[in-house]
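Student: Assemble the complex: chain A is given as a structure, and chain B must be docked to it using the hints.
For the protein sequence lines, the chains are A and B, in the order given. Under my numbering, the first residue of the first sequence is numbered 1, with each subsequent residue one higher. Under my numbering, the first residue of the second sequence is numbered 1, with each subsequent residue one higher.
Misleading hints may appear alongside valid ones.
Stated by the list, open to error - Calculated lysine-lysine pairs in the PhoX-like style (CA-CA distance at most 20 Å, straight line):
id, chain 1, residue 1, chain 2, residue 2
1, A, Lys210, A, Lys20
2, A, Lys95, A, Lys141
3, B, Lys251, A, Lys16
4, A, Lys210, A, Lys309
5, B, Lys251, A, Lys72
6, A, Lys221, A, Lys210
As the list claims (entries may be wrong) - With the Cβ distance kept under 8 Å, some of the chain B side facing chain A (calculated, not the full set):
id, residue
7, Gly10
8, Ala46
9, Val249
10, Trp254
Calculated directly from the structure, the hints in this document are not laboratory data. The C-beta atom is built at its ideal place from N, Cα and C for all residues, glycine as well.
Here is how the chains run, residue by residue.
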Amino acid sequence: MTETILDIRGLTKTYKGGLKALDNVDLQIRKGEIFALLGPNGAGKTTLIGSVCGLVRPSGGTIQAFGLDLMKNWREARARIGLVPQELATDMFEKVHNSVQYSRGLFGLPSSPERIEEVLRSLSLWDKRDSAIRALSGGMKRRVLIAKALAHDPDLLFLDEPTAGVDVELRRDMWRQIDGLRDRGTTIILTTHYIDEAEEMADRVGVIEKGRILLVEDKTKLMARMGRMEAVFTLAEPLPEIPSILSDFPLHQSEDKTRLVYRGGDGTGQGKREVAELTKLLVGQGIDFTALDSHESSLEDIFVDLMEKQE
Amino acid sequence: MSGGLFNARGTWAIFHHELMRAFRTWIGSIFSPVLTTSLYFIVFGAAIGSRISEVNGVSYGAFIVPGLLMLTLLSESTSNASFGIYMPRFTGAIYELLSAPVGFVETLLGFVGAAAVKSLIIAAIILLTATLFVDYQIAHPVYALGFILLISAAFSLFGFILGIWADGFERLQIVPVLFLTPLTFLGGTFYSIDMLGEPWRTVALINPIVYLVNGLRWTFTGSSDVGIWISLSMTLGFLAVCVAVIAVVYKTGWRLRD
Numbered sequence: 001m002t003e004t005i006l007d008i009r010g011l012t013k014t015y016k017g018g019l020k021a022l023d024n025v026d027l028q029i030r031k032g033e034i035f036a037l038l039g040p041n042g043a044g045k046t047t048l049i050g051s052v053c054g055l056v057r058p059s060g061g062t063i064q065a066f067g068l069d070l071m072k073n074w075r076e077a078r079a080r081i082g083l084v085p086q087e088l089a090t091d092m093f094e095k096v097h098n099s100v101q102y103s104r105g106l107f108g109l110p111s112s113p114e115r116i117e118e119v120l121r122s123l124s125l126w127d128k129r130d131s132a133i134r135a136l137s138g139g140m141k142r143r144v145l146i147a148k149a150l151a152h153d154p155d156l157l158f159l160d161e162p163t164a165g166v167d168v169e170l171r172r173d174m175w176r177q178i179d180g181l182r183d184r185g186t187t188i189i190l191t192t193h194y195i196d197e198a199e200e201m202a203d204r205v206g207v208i209e210k211g212r213i214l215l216v217e218d219k220t221k222l223m224a225r226m227g228r229m230e231a232v233f234t235l236a237e238p239l240p241e242i243p244s245i246l247s248d249f250p251l252h253q254s255e256d257k258t259r260l261v262y263r264g265g266d267g268t269g270q271g272k273r274e275v276a277e278l279t280k281l282l283v284g285q286g287i288d289f290t291a292l293d294s295h296e297s298s299l300e301d302i303f304v305d306l307m308e309k310q311e
Numbered sequence: 001m002s003g004g005l006f007n008a009r010g011t012w013a014i015f016h017h018e019l020m021r022a023f024r025t026w027i028g029s030i031f032s033p034v035l036t037t038s039l040y041f042i043v044f045g046a047a048i049g050s051r052i053s054e055v056n057g058v059s060y061g062a063f064i065v066p067g068l069l070m071l072t073l074l075s076e077s078t079s080n081a082s083f084g085i086y087m088p089r090f091t092g093a094i095y096e097l098l099s100a101p102v103g104f105v106e107t108l109l110g111f112v113g114a115a116a117v118k119s120l121i122i123a124a125i126i127l128l129t130a131t132l133f134v135d136y137q138i139a140h141p142v143y144a145l146g147f148i149l150l151i152s153a154a155f156s157l158f159g160f161i162l163g164i165w166a167d168g169f170e171r172l173q174i175v176p177v178l179f180l181t182p183l184t185f186l187g188g189t190f191y192s193i194d195m196l197g198e199p200w201r202t203v204a205l206i207n208p209i210v211y212l213v214n215g216l217r218w219t220f221t222g223s224s225d226v227g228i229w230i231s232l233s234m235t236l237g238f239l240a241v242c243v244a245v246i247a248v249v250y251k252t253g254w255r256l257r258d
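Pulled out of the complex, with its shape left as it was, chain A reads as follows (with noise of 0.2 Å):
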């Protein structure tokens, strides 16, 4: 069985206000995993982050991690944990490697050269290591908040929003550089609102809204559950009635009758699969098409499933 991490039991955080942020939140998080918390804007993302990390005072529950109670153990469970904020928050006329060493020392570990030049190298900072964060472009500073993070090695990392408003490229950068994380064994909770990242890089998956965990599941078995196929073949001519050897299929046809619409698939190949099946029947029958669209729905198209019916 996988080592449990990072263990949330009733987490609960109400505001002044009385506006309530995580409502009896249990989450269990696996050493070494990619933990991607999905959620539109406001569903208590951050507060949870912040609750973990030393930010926001929870109003009930329990945060265990590394088998240490958060409340009782903290220095030595928060020696562990790194946080990349949404923010670019930090002393924007410092120098960069004055701030990462800043960072590693905040955390307790004594000053290393080497271990700072090898963050900055892999973050492609070290050109820039004398330069004030302040002259970077947005993208580097994200970069360098990244590199304070991991200045102390910690064994959780939490990202939040970690590349919101980079451009393409340095996305899929980012991307690498969190993959190598996991290959470095740290385990790694991400929140984004990019839903293929979580897509391309999670192992699972998780769901919050307005303070509940709707659903933690393993990344591929949610596709397979919730995935779905669609294709549509465009008729030559008016089909009357759909053949009984297509009957197998889940098809149906336009108002029209000039197209075909497949729906089906469970997110693990099976939806591409039938439709290959089927294009060579409807050319066996003789049944002429004149264009073909498939689409293969994504994490995107399950979320927004979600959530609509969560509405």
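Tutor: Leaving out everything else, chain B in the frame of chain A:
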């Protein structure tokens, strides 16, 4: 080790970072207060002071040295510490401090220690600069150093509280400008409260700064308007109250944690 009871490296990191920030902005942090105080020495010590007879047995120029030093210590300690903690709150960079394995003691030692050291550096420069304009002696150098340390620490703590309380740059300035500076000017920086007639002399004794200025003045001239032990008790009491307030702030997370 950060997992222990005290994170010494974390404390040093905060202290070093804060001190370096002052050197990075040395014109505002160090040069500016030294220049301002030097101007006071020129105007009140050398120009006007030369026309004023002795006060409590010393020249007027020598009399105002501890007062001006106190004026600078109070304002610099307060502003250094308040700015030091307010800026990360303002920019959001405080997340790093709050998520790190550093607690109340490490944070205080780091921020307040750096603010106090900055004040001490400024105090040393001011005292050296003063020798250019005024002929003065330090009657009790060890006590003077101790008193300067205590006052720097106490008002750095006070500044730290201000920096946590403030929710804007205006509020950050309100207390120093509207309360601290006037009380210091009225607290005997430039005069002996014995020069005041009654009832103003008695009224002046309500001003807590009077005790601080006179305590420091005693270490320089060997005489003061109030007893040294009262001055010392007042300073220690103020320091203890500030520590207690910050302890409560950290325990409750007021203005720090949501």
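Student: So, for every hint listed, does it hold in this structure?
Tutor: Hints, verified against the model:
1. Restraint check for A/Lys210 and A/Lys20: the C-alpha separation of about 8 Å stays at or below 20 Å, so the hint holds.
2. With a C-alpha separation of about 11 Å, the suggested pairing of A/Lys95 with A/Lys141 holds against the 20 Å cut-off.
3. At most 20 Å may separate the alpha-carbon atoms for a hinted pair to count; B/Lys251 and A/Lys16 meet this at roughly 17 Å.
4. For the suggested pair A/Lys210 and A/Lys309, the alpha carbons sit about 14 Å apart, so the restraint of at most 20 Å is met.
5. Proposed proximity of B/Lys251 and A/Lys72 is supported: the alpha carbons are some 13 Å apart, at most 20 Å.
6. For the proposed pair A/Lys221 and A/Lys210, the alpha carbon gap of about 24 Å is over 20 Å, so the pair is violated.
7. Because the smallest distance between the Cβ of B/Gly10 and any Cβ of chain A comes to about 5 Å, under 8 Å, the interface hint for this residue holds.
8. Taking 8 Å as the C-beta contact cut-off toward chain A, the hint placing B/Ala46 at the interface is violated, the least distance being around 37 Å.
9. Taken as an interface hint, B/Val249 does not check out: its beta carbon lies about 13 Å from the nearest beta carbon of chain A, beyond 8 Å.
10. Given hint, B/Trp254 at the interface with chain A, is violated; its Cβ is 10 Å from that chain's nearest Cβ, farther than 8 Å.
Of the hints listed earlier, those the structure fails to meet are numbers 6, 8, 9 and 10, in rising order.
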